[in-house]
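Protein chains: 6
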Amino acid sequence: MAEAGLYISPLEDYSAFLGFNRDRKKTPFTIIGIPLDISSSYRSGCSLAPQSIRNTSRSIELCSFVNNINLEDIGFEDLGNIIMAPGDIITSLKRIEIVIESLLNEGRRIFILGGEHTLTYGSFKAFAKIFKNPCLLVFDAHLDLRDEYLGTKFNHATVIRRIIDDTNVLKVIFIGSRAISMEESSYALEKNDKVSIYRFWGSRIPIDIIDRVREDISRCDAIYISIDMDVIDPAYAPGVQTPEPLGIDPQNLLQILSRLIDTRTWVTDIVEITPVYDHSETTSFLASRIIIEIASILIESLNIEKSYCKI
Amino acid sequence: MAEAGLYISPLEDYSAFLGFNRDRKKTPFTIIGIPLDISSSYRSGCSLAPQSIRNTSRSIELCSFVNNINLEDIGFEDLGNIIMAPGDIITSLKRIEIVIESLLNEGRRIFILGGEHTLTYGSFKAFAKIFKNPCLLVFDAHLDLRDEYLGTKFNHATVIRRIIDDTNVLKVIFIGSRAISMEESSYALEKNDKVSIYRFWGSRIPIDIIDRVREDISRCDAIYISIDMDVIDPAYAPGVQTPEPLGIDPQNLLQILSRLIDTRTWVTDIVEITPVYDHSETTSFLASRIIIEIASILIESLNIEKSYCKI
Amino acid sequence: MAEAGLYISPLEDYSAFLGFNRDRKKTPFTIIGIPLDISSSYRSGCSLAPQSIRNTSRSIELCSFVNNINLEDIGFEDLGNIIMAPGDIITSLKRIEIVIESLLNEGRRIFILGGEHTLTYGSFKAFAKIFKNPCLLVFDAHLDLRDEYLGTKFNHATVIRRIIDDTNVLKVIFIGSRAISMEESSYALEKNDKVSIYRFWGSRIPIDIIDRVREDISRCDAIYISIDMDVIDPAYAPGVQTPEPLGIDPQNLLQILSRLIDTRTWVTDIVEITPVYDHSETTSFLASRIIIEIASILIESLNIEKSYCKI
Amino acid sequence: MAEAGLYISPLEDYSAFLGFNRDRKKTPFTIIGIPLDISSSYRSGCSLAPQSIRNTSRSIELCSFVNNINLEDIGFEDLGNIIMAPGDIITSLKRIEIVIESLLNEGRRIFILGGEHTLTYGSFKAFAKIFKNPCLLVFDAHLDLRDEYLGTKFNHATVIRRIIDDTNVLKVIFIGSRAISMEESSYALEKNDKVSIYRFWGSRIPIDIIDRVREDISRCDAIYISIDMDVIDPAYAPGVQTPEPLGIDPQNLLQILSRLIDTRTWVTDIVEITPVYDHSETTSFLASRIIIEIASILIESLNIEKSYCKI
Amino acid sequence: MAEAGLYISPLEDYSAFLGFNRDRKKTPFTIIGIPLDISSSYRSGCSLAPQSIRNTSRSIELCSFVNNINLEDIGFEDLGNIIMAPGDIITSLKRIEIVIESLLNEGRRIFILGGEHTLTYGSFKAFAKIFKNPCLLVFDAHLDLRDEYLGTKFNHATVIRRIIDDTNVLKVIFIGSRAISMEESSYALEKNDKVSIYRFWGSRIPIDIIDRVREDISRCDAIYISIDMDVIDPAYAPGVQTPEPLGIDPQNLLQILSRLIDTRTWVTDIVEITPVYDHSETTSFLASRIIIEIASILIESLNIEKSYCKI
Amino acid sequence: MAEAGLYISPLEDYSAFLGFNRDRKKTPFTIIGIPLDISSSYRSGCSLAPQSIRNTSRSIELCSFVNNINLEDIGFEDLGNIIMAPGDIITSLKRIEIVIESLLNEGRRIFILGGEHTLTYGSFKAFAKIFKNPCLLVFDAHLDLRDEYLGTKFNHATVIRRIIDDTNVLKVIFIGSRAISMEESSYALEKNDKVSIYRFWGSRIPIDIIDRVREDISRCDAIYISIDMDVIDPAYAPGVQTPEPLGIDPQNLLQILSRLIDTRTWVTDIVEITPVYDHSETTSFLASRIIIEIASILIESLNIEKSYCKI
Ligand SMILES: [Mn+2]
Ligand SMILES: [Mn+2]
Ligand SMILES: [Mn+2]
Ligand SMILES: [Mn+2]
Ligand SMILES: [Mn+2]
Ligand SMILES: [Mn+2]
Ligand SMILES: [Mn+2]
Ligand SMILES: [Mn+2]
Ligand SMILES: [Mn+2]
Ligand SMILES: [Mn+2]
Ligand SMILES: [Mn+2]
Ligand SMILES: [Mn+2]
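Residue numbers (my numbering), protein chains in the order written: chain A, 1098 to 1408; chain B, 1098 to 1408; chain C, 1098 to 1408; chain D, 1098 to 1408; chain E, 1098 to 1408; chain F, 1098 to 1408.
Treat the hints as calculated values from the structure; they're not laboratory data. Hints may contain errors.
What the hints assert, rightly or not - Below, simulated DSS-like cross-link-like pairs (lysine-lysine); rule was C-alpha separation at most 27 angstroms, straight line:
| # | chain 1 | residue 1 | chain 2 | residue 2 |
| --- | --- | --- | --- | --- |
| 1 | B | 1407 | A | 1250 |
| 2 | C | 1250 | F | 1250 |
| 3 | C | 1250 | A | 1407 |
| 4 | D | 1250 | B | 1250 |
| 5 | F | 1407 | E | 1288 |
Based on the provided sequences and hints, a complete structural model is requested.
In structure tokens form, the structure reads like this:
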């Protein structure tokens, strides 16, 4: 990993996800933390999320909910965190890009523990370099499609727009977005060949959107899933930068994910968790569970050898 | 506003709702904070709610959920807070009455940021002076129909009874009440010409109650909506004086509101939020969203010129 | 109560459940707190739960949700707490057994305010001595069926296995379990004559499991219900030792309980509440409500004289 | 206690101070809680303080710091709390007056667990009726000498002025006051025959003020000590309504108290503790300790039979 | 203020310091908030500090501690906050520089409400442009003299070194620094013509350092005071990014300030307060008090017309 | 370490103290965490302390306060935590004994990160096996000399008595104890050949006790220092099980330690930190600093090669 290695803080400084660190040869999955926390406008604190997610993950049982696979057999390689450049978002995003590119070149299926949503710019840039017809599936209460926010171009309110501007992304699909501004709504309309928005409010997104989303992503060669935890209702995910009421519930999210994820899914990021507002750590516990479930769906899709918990 | 003006703390001491203060000529809506916090028996702290609701409102996007209206065009006049008389509920209620009466005389559609539920006495008294056949729609886990509580007549446990006693209210309709006492149940039965109770527990009130409520309010000339946030399940609204389990979810509340609100709705109060128990401010975020949605429904009903966010 | 009395801390040190202490002759129900908090592996703090549940219970209205019974007529005898032996789980469990046996001998219907789940071992042992064909209905996100955990045999992760090993329990039925390990899944399979698991994730368990559970318990002479609050989704019950996402909602839990409880139900315990993580006390409020509702269902089943709140 | 008894909530609803309730014949000391919380302007929540002080007191060891007396022999009678009239400060103050007068008539040495500072009005009124030449020693960061505050006469900012206006208090002495307004400073100057102010900021008040204070109180027949916990630095007492920096430390407070208290001291109140802001309960722990130490000083002064812890 | 004005968020969005906004002609003092929060490595959240300081300031009494001046006569102009560029520290620092330069050109005495310590770079750059022989007095537990930190040049750990590198600062004096690294200690030694360090740990810095500091600053034409709140012991100032034990107490800080401040003092910044860790807001209360006291010392030095609180 | 190794959780699960793990050959110091949390009677939660202390230690600068030694050169070996047996204090204490004995046999200077105070029994037993004339220096607000507590023999209230009973300890010296019971005071008096108590309350213990303590320990061949963090005033160390007011300040503690520690000091434990009550982590920060300072004093005493930070 040459240069990439320079930007990763040594593993022994962090407890591994789930409490063990599986050798790369035995698992397709790599965990990498990205404690970016640099452009928040309201609250801040999501740099502490990778540690918090890992911490809660060690109390999680390893039989998956969606398909009863025993994750213990397969597990995750956990590389630790990418070292952020304090106060310098451009450098930080560049480091993210280098590390993710290196991991994708090595054929890893990646789970990113954010960090603020802006990190998706760096990682998607790497993703778009590696794969043809790259697509981005965004679960977010917001669209993050502003052109500029408080005078800067790279931040959590503009990140998806920057990706559309700067990469060859084929399709950006938003699921569960509900809090939008006029500026974003106009821009999305204008870009409606590239951007699909499944706007919903309330606890359940009708499952019949699945077919339309599948159609949207039918020409994608590779899919990047970005989960801004504020897509979920604050009852279930209170510990985020901007809690937006009337979100989906986690059951609905898992149902949708289990029908959309297939072998084209290479990167998943989970962003915007803010532990200092996450009383009783319920948001981090939920993030840990979501990662396990996505991994289980991928194991099924990838047809990896596995065992089941029988109940 | 002559005398009323004396009781309002100067606007520049408070950040306006949504972060901007629209001129009265351009919007029918007036925000007024009422930090009453004087008669609580269990916890206290709801005097800090107006500030907390305004604070969270500044992170809210302005396209409404229920009908996609762009609120930025219309906005709200925010007058700041009514100054409470410390330890003197009678004087405080009188000031509330004077200010609300003055605003209604000026034809404003009012949103009150409470404060404890007792404030509804003062504002409804003004309301009942201005309008013929005034009605009160109460969303509350409780009935607040006790005759006396710990030896006093004016407090959060007696407020609706006092309104029935002291005003010419035509109809009081409770929606979502679930935690009641024998005393209240007996009283309500006795007054069943005037009082309707739609008691429910659990997340969803069947929408078919709407027709019955519509019938109940058919003879009302003007409607006052009082939302005690404890009507909502504590999962979604933990920051209240008395969290009562098994409440409705916010989606259900918005659905009901969107079918009941019409041009007869003049005042809405949102009461009992207690910020010090509102971890991650989710209750205040929800209150901000509810206000925006009610305003949007009113804009539609009142046929005000507007623009839409198109998604 | 002879020896049993020695282990109970004098009543006047604790506020009674609901704020009043009904004489034993007027109510079949006895409340007993068990502040066991000795074997936690992740967090701790559930020794403070009995006090917290009692505290919140005093703000609860006394008309039941499920059947509108006025609980004030009947009420609860509240004996206070069993004194735990610090650092000595064996002695603590023995004291629990002695007290519960004594109460059952006196024909009391018991509600236990936990305390960690391990206490169920002591109380079920007593239960299994008194009743023939005793059964255990467990509501828990977990199975607690490990043989050993961190080198010990008696703790919250092994408690149900120990009960199966050490008592003549006829049937153990798990409802709502979702987070399991391979070890537990294998053991349960092996013991499938004795153990039934209704595994579910998500907010609603289909009510049609009721018939199957009824069949499972058809040969039981007496039923012990153990409610580990983590069976409920952390949105509704954040204040527990190990919040496990994707749990059932409280409405669903009450619906299931109201169809399963009958005169064979003698003991109910509510365990694992951890007040220091229970922001706004919503978990304790919910526990108080669950106890009132179970008591109301029992009043109906036992055909005790009662009055109704009429609404 | 006739009428007084009507206003006291039954004892069994509260855990006694120190965890035991000594018979009146064996101890001169009576504890009474006054959960007044009605006129706060900034924060609120001090109605929960009596419960919090009692709760922490049960973890306190019973050998006094100042003179090594074993408090266990003597202990306290704990009557529980006076029931406040929600939202009605005049009625609440009247109840306080009636109860305190009754207790003083019975010759009790009283410790009041507040509640907001305004309660001192009610209790001092009783005190001034019973004793000739009554004096008031106030430990407070503030003077509470405003004539009116936000339009009312009875609140935490005016309480001492009201006492000077409405009672025959001989002398009011402030110790440790530091945060004053021009209005108060002018008023105090005007009343300098009656009012002495020992203004200080910083951790230690020089002990040589003692002689001057002694001179000030030389003609007093009975002394009432009112301790607003904000006199102490917020490092030691964070859980108060208005934390004022640069306060005295608790060691200094105890030193001063131990030199000023004598047999003329009949009532001590400890006010303004706000548990929801009292993280780790350190302010309540400190209040418990202060009460024990004052009692020990009184035991010495009153020459009561006692035993000592010998170390 | 031309360009500077562009970067200031409109005043009506913020409550003014002390609750009133004095006209510029009547006061030499200008308050400006700088919510910079971009380069934190451990915790974050200091963007919320300006709002928190203003909020607590409204409960502060206006007679100063150090010299009894009535601040109400003079007060402060409060311009609101400088708008930070999310994720872009260079642009943010430039805006700070422009605004501070503009204010100094207008002859204002400035109080900056931080924000992270890095902001001092922007404001000192402006300061060093305006004044000859500019000096910097730093109160900080740390030296912030690293050359680079996690790969970037501008952050809270390097800010003072950057100032030494990039400006014509005549002298940098550290008071109360205690937590230093070898790298910083070596650098400071090397620069000992320019840098003086008064390293201390424990609650009181001996006042006799004053003469040495006075000597150090004797050739300075203008003095900038930067107060990193972590210089104070965490008992008094818990709400900071990096609480460092064994700090000075606030009394000592005020004593030192009152002997060092004279008419050469033009800018004071108060940085690193992190409200989400500032339980009971004690750190913000202390910051408000420090500002009032520094203003009072300046009023005395500047010989401005004033009145005194007489006690 | 044979058997000892079995009880230690693998290092890579924990971030090392100070963020790096020095090879045993280069440092005499070994860190070992003991998350015992089993016998608490009031609060619980100190099992999370080892992680919290390590976490804060990574933000600490490495030049010592007391003697300016650069700790980076020497550092610490950090072995991780001893695995506790849930609910089984006897087994847990045995594991502690085995591990500590093994480390002492290997000549390590040990720092224990507790855990509740009871752990000192296990580690001192090992200590007393290895060394002749072993002595115990206890810094604690309490004496922990009860014979039994709530019916058990091994808990935080009896631990020092058990050590006196069960080991050949030569001398037990208490420093800073202030909260004692009659039972303890009598016992201590009886054992006054073996037990010395330097009882104090208030912020500073006069340094002249040093000579008397030195005399007390003159015949000791090896010294074990046990620091119950509640010895320190709760202003500085709020995050403990039982905050006891009127404690010493950290400056005083370091002064005393720096005069008492010499080459006979082999083990130091720091116990009773309870992170969930440790707002802003100030207690853990302080513990980290205390460890660094004790190590620095030992480096000086042991005459190890070292470098100094020069300021
Ligand atoms: Mn986003
Ligand atoms: Mn978002
Ligand atoms: Mn209500
Ligand atoms: Mn209500
Ligand atoms: Mn369980
Ligand atoms: Mn469980
Ligand atoms: Mn006061
Ligand atoms: Mn005060
Ligand atoms: Mn700094
Ligand atoms: Mn610093
Ligand atoms: Mn101890
Ligand atoms: Mn202790």
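Pair hint outcome, residue 1407 of chain B versus residue 1250 of chain A [Cα-Cα no greater than 27 angstroms] | Measuring from Cα to Cα gives roughly 24 angstroms; hence the hint holds.
Does residue 1250 of chain D pair with residue 1250 of chain B here, judged by a C-alpha cut-off of 27 angstroms?
-> With a Cα-Cα distance of about 21 angstroms, the restraint between residue 1250 of chain D and residue 1250 of chain B holds, given a limit of 27 angstroms.
Going straight from one Cα to the other, do residue 1407 of chain F and residue 1288 of chain E come out at no more than 27 angstroms?
-> holds (13 angstroms)
Has the given pair, residue 1250 of chain C with residue 1250 of chain F, been kept, meaning a C-alpha gap of at most 27 angstroms?
-> holds (21 angstroms)
Verify the proposed pairing of residue 1250 of chain C with residue 1407 of chain A, using a straight-line Cα cut of 27 angstroms.
-> holds (24 angstroms)
Hint compliance for this structure: no hint is broken.
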